[in-house]
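Could you build all of it, start to finish, from the sequences and the hints given here?
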Amino acid sequence: WEAIAQKVGQSKEWTTALCLGQMTASPTQAAVLGELFGLTDEEQKWLQVVPYKGSLPTPVPTDPLIYRWYEIVSVYGTTIKELIHEEFGDGIMSAIDFSMDITREADPKGDRVNVVLSGKFLPYKQY
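Counted the way our numbering counts, the sequence shown spans residues 2 to 128.
It is possible that part of the hints are untrue.
As the list claims (entries may be wrong) - Beta-carbon label-pair distances, calculated as ranges:
#, residue 1, residue 2, range
1, Glu3, Tyr125, 32 to 42 Å
2, Ala4, Tyr68, 33 to 43 Å
3, Gln23, Ile73, 14 to 24 Å
4, Ser75, Ser100, 22 to 32 Å
5, Ala32, Tyr125, 33 to 43 Å
6, Phe89, Thr41, 42 to 52 Å
Stated by the list, open to error - Straight line, CA to CA, 30 Å or less: simulated DSSO-like cross-link-like pairs of lysine-lysine:
#, residue 1, residue 2
7, Lys82, Lys54
8, Lys54, Lys126
9, Lys13, Lys121
10, Lys46, Lys13
11, Lys82, Lys121
12, Lys46, Lys8
13, Lys121, Lys54
14, Lys8, Lys82
15, Lys121, Lys8
16, Lys46, Lys82
17, Lys13, Lys110
18, Lys13, Lys54
19, Lys13, Lys82
Worth flagging that the hints you see were computed from the coordinates, not collected in a lab. Just so you know, even glycine gets a beta-carbon here, dropped at the ideal spot from N, CA and C.
This is the structure in structure tokens:
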């Protein structure tokens with residue numbers, strides 16, 4: 002994914018989401034992916050259509066790795082919410098003005114997955 006991302010000109014995280022149907026490619030990005038994957042012009046055009054984001058084939062994910070994320074949110078979601086509200090006030094963390102970074106962290110007990118999520122805080126407005 003890193004090599005593909007370098008050719009697309011975006012992060013490996015965003016590029017992977019693009020290739021998995023969760024982001025929208027520019028015409029230039031679609032052309033790069035078309036060259037890399039041998040896509041037709043029609044297939045390249047589909048990469049430029051705004052996708053139905055966040056769609057999974059089942060309400061509860063069955064893939065073991067994706068399910069762990071579901072489990073993390075189920076167990077720690079209320080804690081994350083409370084700590085964000087304590088620090089920032091009433092609002093949400095954006096998944097639009099957002100970035101993430103996934104790296105390997107060496108550990109003598111077994112390598113760890115280090116995931117950093119960074120989203121703009123958006124306060125609820127009063128009206």
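Hint check results:
| no. | hint | verdict |
| --- | --- | --- |
| 1 | Glu3 x Tyr125: 32 to 42 Å | holds, 38 Å |
| 2 | Ala4 x Tyr68: 33 to 43 Å | violated, 28 Å |
| 3 | Gln23 x Ile73: 14 to 24 Å | holds, 19 Å |
| 4 | Ser75 x Ser100: 22 to 32 Å | holds, 24 Å |
| 5 | Ala32 x Tyr125: 33 to 43 Å | holds, 41 Å |
| 6 | Phe89 x Thr41: 42 to 52 Å | holds, 46 Å |
| 7 | Lys82 x Lys54 | holds, 22 Å |
| 8 | Lys54 x Lys126 | holds, 25 Å |
| 9 | Lys13 x Lys121 | holds, 20 Å |
| 10 | Lys46 x Lys13 | holds, 21 Å |
| 11 | Lys82 x Lys121 | holds, 14 Å |
| 12 | Lys46 x Lys8 | holds, 18 Å |
| 13 | Lys121 x Lys54 | holds, 19 Å |
| 14 | Lys8 x Lys82 | violated, 37 Å |
| 15 | Lys121 x Lys8 | holds, 27 Å |
| 16 | Lys46 x Lys82 | violated, 38 Å |
| 17 | Lys13 x Lys110 | holds, 27 Å |
| 18 | Lys13 x Lys54 | holds, 18 Å |
| 19 | Lys13 x Lys82 | holds, 27 Å |
In this structure, the hints that do not hold are numbers 2, 14, 16, in rising order.
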